[in-house]
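Start from the sequences, fold in the hints, and give me the full structure.
Per our numbering, residue 242 is the first one in the sequence shown, and the count goes up by one each step.
Certain hints may be false.
As the list claims (entries may be wrong) - FRET-style restraints, in silico, Cβ to Cβ:
| hint | residue 1 | residue 2 | range |
| --- | --- | --- | --- |
| 1 | CYS396 | PRO368 | 13 to 21 Å |
| 2 | ASN280 | GLY329 | 54 to 62 Å |
| 3 | THR358 | PHE312 | 20 to 28 Å |
| 4 | PRO271 | GLU363 | 28 to 36 Å |
| 5 | ASN382 | GLN352 | 23 to 31 Å |
| 6 | PRO348 | ASP416 | 53 to 61 Å |
| 7 | ASN382 | SER419 | 41 to 49 Å |
Because the hints were derived from the structure by calculation, they are not lab data. C-beta atoms are modelled at their ideal positions from N, C-alpha and C, and glycine is treated no differently.
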Amino acid sequence: ILLVTNPLTYTFKYYLTEADAIAGGTNYIPNPNTYTSGNATIYVRIETGPVDGNDEGCFSLGKVLLKVSDFNVEEQIINIDSICDADGDGNIVVDLTENITQIVPNPADYQISYHTTLENAEWGLNPINPATAYTISAGTNVTIFVRIHSLTDPCYSISRLNYTTVERPILISVDDFSLCV
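Here it is in structure tokens:
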């Protein structure tokens with residue numbers, strides 16, 4: 242969350258009550274990165290340092306509704322065994338969905354989409370459709386980004402499926418030859 246334009250020039254302290262935030266004392270949340278006490282309104286005091294010898298400095302107050310999610314799908318990297326271009330046409334069609342249970346045991350509990358770039362996965366844009374018949378050029382390595390999104394809140398994680406494909410050897414016909422020993 243961006244509360245100010247240049248956050249490196251300010252001090253941030255987080256409080257459970259507006260009165261504590263206004264007072265600015267020591268009753269703040271000491272480590273906001275580990276705060277997990279459920280849904281709450283958190284008050285943030287954003288301060289400048291002392292100005293011209295004045296110990297007070299300036300401050301602003303903000304209010305944030307914090308919702309702690311129980312979403313806990315960890316990001317994973319799944320390396321798929323090499324796939325051969327069995328028919329020799331230069332393409333391999335894969336079902337991207339066949340490995341999802343390695344990431345989440347109950348896929349129906351999530352909104353899952355597959356993307357060709359990390360940026361698209363982050364934003365949930367341009368999903369591969371259909372994910373059950375994605376074409377990969379033989380002889381290439383491809384990473385597919387899997388966005389696993391909670392059905393109940395804005396939380397998500399992104400895992401990777403790494404595909405390695407192998408071209409089918411092409412036989413060159415040769416004339417019969419004789420060897421004299």
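Item to complete: Run the structure past the numbered hints and jot down the numbers of the failing ones, going up.
Response: none
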